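As a plain string of letters, each chain reads:
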Amino acid sequence: MIEIKHLAKAFVVGKQKKLSDSEKNDVRYGGNLFHSVRDVSFDCAKGQVVGLLGPNGAGKTTTLRMLSTALKPDAGSILIDGHDVIHNPLEVRKRIGFLSADTGLYGRLTAKENIEYFARLHGMNEVAIRARVEELFTLLSMHEFANRRADNMSTGMKQKTAIARAVVHSPELVVLDEPTTGLDIMTTQTVLDFIHSLKEQGTPVIFSTHHLDEVAALCDRVVVINQGISAFNGSLAEFSALATGQDLRQAFMAVLKKDAV
Amino acid sequence: MWQVYLKELLELSRDRKTLMFVIALPIIVFPLLFGIMGLVMANVSRQAEAEEHRYVIVNAELAPEFANALFYHKNFKKVESDLKEPDALKQAIRDNKFDVAIIIPADFSQDPAQLKQHQWQLIYNSSSTLDMIGNYFNELFKTYTKKLQQERLASLGVVTEQVPAVLEPVKVKKLNTAESRENIGEKIGGFIAYLLVPLCLMGASYPAIDIGAGEKERRTLETLLICPISRTAIVLGKFFTVLTTGLITAMITVVSFGGWGYVIGSMMGVDVVAKTMQALGFVDLALILALLIPLTAIFSALLLSLSIYARSFKEAQNYMGPLSMVIFVPLMVGLLPGIELSWSLAMIPVMNVALCIKELVKGTMDYQILSAVVGSTLVIAGAMIAFCVRWFQQEKVLFR
Numbered sequence: 122m123i124e125i126k127h128l129a130k131a132f133v134v135g136k137q138k139k140l141s142d143s144e145k146n147d148v149r150y151g152g153n154l155f156h157s158v159r160d161v162s163f164d165c166a167k168g169q170v171v172g173l174l175g176p177n178g179a180g181k182t183t184t185l186r187m188l189s190t191a192l193k194p195d196a197g198s199i200l201i202d203g204h205d206v207i208h209n210p211l212e213v214r215k216r217i218g219f220l221s222a223d224t225g226l227y228g229r230l231t232a233k234e235n236i237e238y239f240a241r242l243h244g245m246n247e248v249a250i251r252a253r254v255e256e257l258f259t260l261l262s263m264h265e266f267a268n269r270r271a272d273n274m275s276t277g278m279k280q281k282t283a284i285a286r287a288v289v290h291s292p293e294l295v296v297l298d299e300p301t302t303g304l305d306i307m308t309t310q311t312v313l314d315f316i317h318s319l320k321e322q323g324t325p326v327i328f329s330t331h332h333l334d335e336v337a338a339l340c341d342r343v344v345v346i347n348q349g350i351s352a353f354n355g356s357l358a359e360f361s362a363l364a365t366g367q368d369l370r371q372a373f374m375a376v377l378k379k380d381a382v
Numbered sequence: 117m118w119q120v121y122l123k124e125l126l127e128l129s130r131d132r133k134t135l136m137f138v139i140a141l142p143i144i145v146f147p148l149l150f151g152i153m154g155l156v157m158a159n160v161s162r163q164a165e166a167e168e169h170r171y172v173i174v175n176a177e178l179a180p181e182f183a184n185a186l187f188y189h190k191n192f193k194k195v196e197s198d199l200k201e202p203d204a205l206k207q208a209i210r211d212n213k214f215d216v217a218i219i220i221p222a223d224f225s226q227d228p229a230q231l232k233q234h235q236w237q238l239i240y241n242s243s244s245t246l247d248m249i250g251n252y253f254n255e256l257f258k259t260y261t262k263k264l265q266q267e268r269l270a271s272l273g274v275v276t277e278q279v280p281a282v283l284e285p286v287k288v289k290k291l292n293t294a295e296s297r298e299n300i301g302e303k304i305g306g307f308i309a310y311l312l313v314p315l316c317l318m319g320a321s322y323p324a325i326d327i328g329a330g331e332k333e334r335r336t337l338e339t340l341l342i343c344p345i346s347r348t349a350i351v352l353g354k355f356f357t358v359l360t361t362g363l364i365t366a367m368i369t370v371v372s373f374g375g376w377g378y379v380i381g382s383m384m385g386v387d388v389v390a391k392t393m394q395a396l397g398f399v400d401l402a403l404i405l406a407l408l409i410p411l412t413a414i415f416s417a418l419l420l421s422l423s424i425y426a427r428s429f430k431e432a433q434n435y436m437g438p439l440s441m442v443i444f445v446p447l448m449v450g451l452l453p454g455i456e457l458s459w460s461l462a463m464i465p466v467m468n469v470a471l472c473i474k475e476l477v478k479g480t481m482d483y484q485i486l487s488a489v490v491g492s493t494l495v496i497a498g499a500m501i502a503f504c505v506r507w508f509q510q511e512k513v514l515f516r
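Residue numbers (the working numbering), protein chains in the order written: chain A, 122 to 382; chain B, 117 to 516.
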């Protein structure tokens, strides 16, 4: 169970920075601060998949970074299984798996070494690591490139390795930041299959995306973030009800329009 | 922390560029460079020694002994010329008709009875640092004037045994209290510091960039940050990696120079290395290395802080230039002649270590000051590491 309430985060902007016209129209600039995330609230129950939607620069990545403890929120609270992310980040980090589109692998290490390194950082012992790596390699059919360096891998291989790395410690929550952006169709499918398998296992998944078909296929809940505020938070059915037709795009536009008024 | 350390080392050992900097450069490239430099210099001075200079002498018949000595000198070759005037001779030398001209004035006489000082003129281009012509003439004039002096003194009634007493009434014999080790130490001690300190910096800088800014650029930093390991542990793991590579570079260089020196020394029959090693006891050597550890720790913490701040590899590299200037200046000042280690200088980082290395090689170390140097370097290193750790906690540094 994940509960996110009234999350806010501001960044200091250099005083000399000239704002472009579109930036001047952004209500989030105030003084020398940029209020990237102003008020985001949503929740996610066990086994649910939450899709995070929003225009570029809306604050999706910042939200996910706060959720994954990389950034500290200025205000609001995040509870994961009752653990407070802000006050107890180490406990939360043990329970989270994180993955983004640009895979974040060490190019000079092999697939196996990459995964083992993160397993060790998660405090797993060597016996458990060996068993888990074997299991994941079979699951994702990675045996053929287990000892290949990440630099010499295809995008698909890299993404598989990154997936294995993200879940090597059997996390209780998986956070994905635009996991399919810039990937080809086959690799995208690998990622989607992975989200699907997590869903079947009952592991909650929170992911941001620009692809509405992925939302339609996988998500139980939808959150739309616009200009740092969660403009919509509800079930997929509620979200598609906003559209006049079958197209989720209309629903998305409707949320943004309502927000702008 | 050690997991981070081991992984960074493994990753660096897979990187060709790091291997270049840490291993190939000190083992092969540096000795090769120094070797070529030495060869070129030896070659130039050998050529200069073998060179034959063409000369013109005016009024040679007035000083036949001198003219003869010059004629039979192996580095001089007589050229006939009708020119007599200094300006004309100068122009001829500029036009490369000959290399040097000596004008003996027409009123010159070797006659000892004539007690009169004469002025000769020597015309040549003395801009070369290896002033071979000047040296040769100094020798020739010395012999010739000595002969004239003796003749003149004899004409005044001074007998041969008394000549030195007139020419040099007081002769001073200097007794040097310095051991030969001090002399060698003064010469090579500075050189050793000059070699080791920048090497520690160089060996640390590339890995520092790679595991700080490089990690940001390759977008692996965020994943690392959300692992259940404290940021202090991450940064210390990285810090020790950088420290290790810096020290390894310095060690490898020392060993490689020792090895090459031994090979060259035994080939040419010069045992400089053996002499140096004898002069440097094991304890002193260990102390030098022990001094380098806290110094390299300062470098590593500094480099890592800069590297983590940088957005990209390139940005980090841009910071390295000014930093190395900041480190080179105190190093160079410390090695200027006349600057001695004192209590106040013991507090200036980099400079104090350079001076200590010199003193240790000379064998004149004041161990109280040494402990002050170690102390101050350790304090600064500790402060730099603490800063680096704090720096690494800042979001505005990590997510720029």
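Just to be clear, a hint being listed does not mean it is correct.
[What the hints assert, rightly or not] Here are the simulated lysine-lysine pairs, BS3-like style, with alpha carbons at most 30 Å apart: (1) Lys287/B to Lys303/B; (2) Lys193/A to Lys430/B; (3) Lys289/B to Lys233/A; (4) Lys133/B to Lys200/B; (5) Lys215/A to Lys193/B; (6) Lys232/B to Lys213/B; (7) Lys126/A to Lys512/B; (8) Lys194/B to Lys193/A.
[As the list claims (entries may be wrong)] Across the chosen pairs, the derived CB separations fall in these ranges: (9) Asn268/A to Ala406/B: 53 to 61 Å; (10) Pro176/A to Gly498/B: 12 to 20 Å; (11) Arg132/B to Glu212/A: 34 to 42 Å; (12) Ala402/B to Ser262/A: 51 to 59 Å; (13) Asp195/A to Ser458/B: 28 to 36 Å; (14) Asp272/A to Ala294/B: 32 to 40 Å; (15) Ala375/A to Gly498/B: 55 to 63 Å; (16) Gly491/B to Asp160/A: 47 to 55 Å; (17) Ala158/B to Thr276/A: 35 to 43 Å; (18) Arg251/A to Trp118/B: 14 to 22 Å; (19) Thr259/A to Gly498/B: 42 to 50 Å; (20) Ser275/A to Arg132/B: 36 to 44 Å; (21) Arg251/A to Gly498/B: 37 to 45 Å.
[To be verified] Derived list of chain A stretches under chain B, where covered just means 3 residues or more per stretch with a C-beta under 8 Å from a C-beta of chain B: (22) 163–176; (23) 215–223; (24) 245–259.
Calculated directly from the structure, the hints in this document are not laboratory data.
In this text, all values refer to a predicted model and were calculated from it rather than measured experimentally.
Note that CB positions come from ideal geometry on N, CA and C, so glycine has one too.
Report task. Would you list, in rising numerical order, the hints stated earlier that this structure does not obey? Result -> Of the numbered hints given earlier, those the structure breaks are 3, 4, 5, 6, 8, 9, 10, 13, 14, 17, 20, 22 and 24, listed in rising order.
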